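**Q** Here are the chains, one letter per residue:
Protein chains: 2
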Amino acid sequence: MKKAVCLLSGGMDSAVSAAIAKKQGYGIYALSVDYGQRHKKELSCARKIAKFLGAKEHKKIKIDLRQIGCSALTADIPVPVGKDAAGIKASKKIPPTYVPARNTIFLSYALAYAEAVGAEAIYIGANCVDYSGYPDCRPEYFKRFQDMADYATKKTVEGKRILIKTPIIGLDKAGIVKKGLELNVPFEHTWSCYQGGTKACGECESCVLRLNGFKEAGVMDPILYA
Amino acid sequence: MKKAVCLLSGGMDSAVSAAIAKKQGYGIYALSVDYGQRHKKELSCARKIAKFLGAKEHKKIKIDLRQIGCSALTADIPVPVGKDAAGIKASKKIPPTYVPARNTIFLSYALAYAEAVGAEAIYIGANCVDYSGYPDCRPEYFKRFQDMADYATKKTVEGKRILIKTPIIGLDKAGIVKKGLELNVPFEHTWSCYQGGTKACGECESCVLRLNGFKEAGVMDPILYA
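Chains as they are written, first to last, in our numbering: chain A, 1 to 226; chain B, 1001 to 1226.
Source of the hints: derived by calculation from the structure; they are not laboratory data. There's no promise every hint is true.
What the hints assert, rightly or not - Cut-off 27 Å, straight-line C-alpha distance, at most; resulting in silico cross-link-like pairs (DSSO-like, lysine-lysine): (1) Lys60(A) - Lys1059(B); (2) Lys93(A) - Lys1002(B); (3) Lys1041(B) - Lys1160(B); (4) Lys1143(B) - Lys1089(B); (5) Lys60(A) - Lys1040(B); (6) Lys62(A) - Lys1178(B); (7) Lys92(A) - Lys3(A); (8) Lys40(A) - Lys1059(B); (9) Lys1051(B) - Lys1178(B); (10) Lys1093(B) - Lys3(A); (11) Lys1003(B) - Lys1059(B).
Small disclaimer: the values here were computed from a predicted structure and weren't measured.
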């Protein structure tokens, strides 16, 4: 059975992306990164999604991006909510929740893991439609990562590519919700809120995007909001 | 003062590379990665080299590549020595000391760190002349990493490039020794041996390359060998 490494953050995007990998016939090697983000809720969600996918393995890697900081998710910088979040979005500025080089670091680990287990693809749930302006979520970025990956490993030198797959990159949040429903993704076990807490805040940019996505798709978001 | 992130492994190549950065007028932000390698000696060497360079900061990041394994440096796979090492070299095969995606992971952290401190360059002491056939030590690999980095960060989106510098990539080991002597690099505080121990083994590929380099340069290697 062909193998794919699937980055699973615990969020809905990576869950849908990984469900697509499974649908496309890959055995799933899930990879979750505990990078010192504000809360651990998303990691327990990742565990549940990996179980749902029947993952062959679920690798959890602990790194500490708080040592580098410089983001609202990894340093003492407030997460914008409500009007502040909307204002940043309207300004088209990259918001403070951007974490320096995060996707590059995650994909690098995924590349190492893919090479170690002999996987031929890496799935990442990035999307660039309803997104937050992060530079490392754009198709042009992933194209360059692929080019680099084609030169980076022993496997690729031997002529076997490791493909970087971004199956939901062109979908908006409503499209991601619909695709997830089609694949029976248990959205109740996904978490998108940037804040800690037992209920999602409903006000940070990530919550707002998610809620709009469910609304547009015409279904209820099964998670609890404060 | 312009800033450079310098990857410092504790080995002679990264020490010389960082000394070149200093000579070129950069303030040094040293970055060492404890990745679960066989011994910690090289990390204490990195500390001494950072001190010699007058580094503004020396960031030590701990990650665990043993979780991924698949290398003689991060798993229970023997490091080839003597005839075995020579045989692998002659065969032009990539040796078992290759660590999957190691330079990609290291450079990704360096990219995050460079963005966080506002550095405009990253120095890495890779060289492709007397090297071990690692795919991620080749100029064509670094070129692609640069292309990717130009799309990866907030800083690059704003038009400020972070340059990936490989100043010793075209030097052989003897050339690296000579360049280091010219810049007063304290080679006694560098460590190249793949094996643990208080003295270098003198037999692994890394020791053999180093010893040949000093021999060809016509100077004594100041470290102790078993």
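**Q** Taking the numbered hints from earlier one at a time, note which ones the structure violates and give those numbers from smallest to largest.
**A** Violated hints: 3, 6, 7; rest satisfied.
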